[in-house]
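*Asks:* Residue numbers (this note's numbering), protein chains in the order written: chain A, 1 to 213; chain B, 1001 to 1231.
Hints in this document: simulated from the structure, not taken from any laboratory. These numbers were taken from a predicted model, which means no experiment stands behind them. Here a beta-carbon is modelled for each residue, glycine too, at the ideal position from N, C-alpha and C. Among the hints, erroneous ones may be present.
[Claimed, not checked] Per label pair, the in silico range of CB-to-CB distance:
| # | chain 1 | residue 1 | chain 2 | residue 2 | range |
| --- | --- | --- | --- | --- | --- |
| 1 | B | Ala1049 | A | Ser66 | 29 to 37 Å |
| 2 | B | Gly1082 | A | Ser66 | 40 to 48 Å |
| 3 | B | Ala1176 | A | Gln159 | 39 to 47 Å |
| 4 | A | Ala158 | B | Gly1131 | 44 to 52 Å |
| 5 | B | Pro1158 | A | Ser104 | 50 to 58 Å |
| 6 | A | Gly95 | B | Ala1049 | 53 to 61 Å |
| 7 | A | Ala96 | B | Asn1171 | 39 to 47 Å |
| 8 | B | Pro1198 | A | Ala137 | 18 to 26 Å |
| 9 | B | Pro1198 | A | Asn112 | 47 to 55 Å |
| 10 | A | Ser147 | B | Pro1198 | 15 to 23 Å |
[Unchecked claim] Quick partial rundown of chain A residues pointing at chain B, CB under 8 Å, derived from the structure:
| # | residue |
| --- | --- |
| 11 | Val25 |
| 12 | Leu33 |
| 13 | Val81 |
| 14 | Ile145 |
| 15 | Ser149 |
| 16 | Ala153 |
| 17 | Ala196 |
| 18 | Phe202 |
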Amino acid sequence: MRIEKLALALITVIPSVAVAQNTKVTSGGTAVLSGAPTGVVTAQSGADATLSSVVNFGEVGPANPSAFACFTQPLFLRANVASSLRVAVTAASFGAGPGALKESDIGIGLRNLAAGGPNADLSTTTIVASFAADPCAAPKNADGIPSYSATLASLSTAQPGTTVMQSTGAISPRASFNSNSNRVLLDLKLAIAPQAFTAGPFAATLTITLTNP
Amino acid sequence: MRHAIASWKTISLIAFLSAIPVLVRAQTTGTIGVSGSVGAVLKLTSGGAATLAGNVGGGVTAQSAADAALATVVNFGEVGPGNSSTYVCFNQPLFLRSNVGASVKGAVTAAAFGAGAGDLQKSDIGIGLQGLAVSGPNADISTTTIVAAFTADPCAAPVAGGVPTFSRTLNDLATAIPGTTLMSATGPWALRGSFNSPSNRVLVSLRLAIVPQAFTAGTFSATLTLTMTAP
């Protein structure tokens, strides 16, 4: 009789924990860098593995004749609850002079939002408007200076960071959290227009977090 | 009753186990490390049309367009008593760009001057830099200094008895490239923008002057090589 009560109690409790609120952001596959003759993606993770990429844009001064040095990082997103994709800039190291390359010289945008399969749902998903433009196609003025819709300077320096995309409903309504069918595909793009920046190095870390909500 | 209890246990166990995978915490963050660099680049080009004033029979015989490689040839023409001008004055606009501190240096090579006491010498050709300015909002001359002796306008040098006193002449320049420093900056001249942009170039005019005098008849020639170096 005591065992029967225990069994009933378990059945009562389990429904409240069985559908936990989960979010998942992982690498969406191969990161690509273009327009950067001396740059390279020095580290990256496989598709659906923990996102841990490292990109060196290389030379982005006048010696780089490209219109843009453009980095694309595919992402996979899954969430069985409403979620927000947030990005923070940490460990930033930029020159201090007026001609130094700044966070505001690195454009950022989200592109190619798509459902990975029939169990992914984008009906409640919105990319924050300023992050919806392609930084690698930003307009330039006569001096070769681009006008980005959003830059790294638009992002918070504290994690989880600034919301760049949000969904009011689940983007992965069913199936395993490792399934190809319920992931949302998204490209995060970074762009630098090579210019007469003051000579010197720069570095930063972008931390991407999928939170609820 | 025992059978019912066993069934409940089975159902409970299955329900509990099926819930376990959902309880595993998912991957919620990732990182992208970003880095890069900007190398030092220097650029000295023609700033446009060179001019020659006060000349008799002289002229600018070759020159390059604005922002093209500097390759000008000037013939001062007659600079003896047959020229009544106060000065024969040559003006070469220059465009300077750099994203680091830089110096502009001048050297005189391939010099051919007469050896006699009355011959026109390198010391008879005044030199100076004039009209230092920024071309736009992305140029900066706040750290720029023209070496004092080269700031005077040789085309306005004082003349006494028909003989000028130039602040500096070609004789003050080294004969080996890159030569003598004429001006320098401790910071960049171009702050951003394309290296072909009109907004980030520094403008300066190089001037050469000869005061026509009773030099010994003959010819002279020389090549002035301008080089921008860092720093």
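*Asks:* All the hints need checking, so say for each whether the structure fits it.
*Replies:* Going through the hints against the structure:
Taking 29 to 37 Å as the suggested C-beta distance range, the pair alanine 1049/B and serine 66/A conforms, at roughly 33 Å. About 57 Å separates the C-beta atoms of glycine 1082/B and serine 66/A, a value inconsistent with the hinted range of 40 to 48 Å. At roughly 58 Å, the beta carbons of alanine 1176/B and glutamine 159/A sit outside the given window of 39 to 47 Å. Between alanine 158/A and glycine 1131/B the beta carbons are some 50 Å apart, a value that agrees with the proposed interval 44 to 52 Å.
Under the hint 50 to 58 Å, the C-beta atoms of proline 1158/B and serine 104/A, about 52 Å apart, fit the expected range. At about 37 Å, the CB distance of glycine 95/A to alanine 1049/B disagrees with the hint of 53 to 61 Å. Restraint check, alanine 96/A to asparagine 1171/B: a C-beta distance of roughly 43 Å satisfies the suggested window 39 to 47 Å. Between proline 1198/B and alanine 137/A the Cβ separation comes to about 24 Å, which falls inside the hinted range of 18 to 26 Å.
Distance hint check: the CB atoms of proline 1198/B and asparagine 112/A are about 37 Å apart, inconsistent with the given range 47 to 55 Å. Evaluation of the 15 to 23 Å hint for serine 147/A and proline 1198/B yields a pass: the beta carbon distance comes to about 18 Å. A cut of 8 Å between beta carbons decides the hint on valine 25/A: the least distance to chain B is about 6 Å, and the hint holds. Interface restraint check: leucine 33/A against chain B, minimum CB-CB distance 10 Å, threshold 8 Å, status violated.
The criterion of a C-beta within 8 Å of any C-beta in chain B is not met by valine 81/A, whose closest approach is roughly 11 Å, and the hint is violated. Restraint check, isoleucine 145/A versus chain B: the minimum CB separation of about 5 Å is within 8 Å; hint holds. For serine 149/A, the interface hint is violated, the least distance from its beta-carbon to any beta-carbon of chain B being 18 Å, above 8 Å. The interface hint given for alanine 153/A is broken, as the beta carbon of that residue sits about 13 Å from the closest beta carbon of chain B, more than 8 Å.
A hinted interface residue such as alanine 196/A counts as satisfied when its beta carbon comes closer than 8 Å to some beta carbon of chain B; here the least separation is about 4 Å, so the hint holds. The interface hint given for phenylalanine 202/A holds, since its Cβ lies 6 Å from the closest Cβ of chain B, which is under the 8 Å cut-off.
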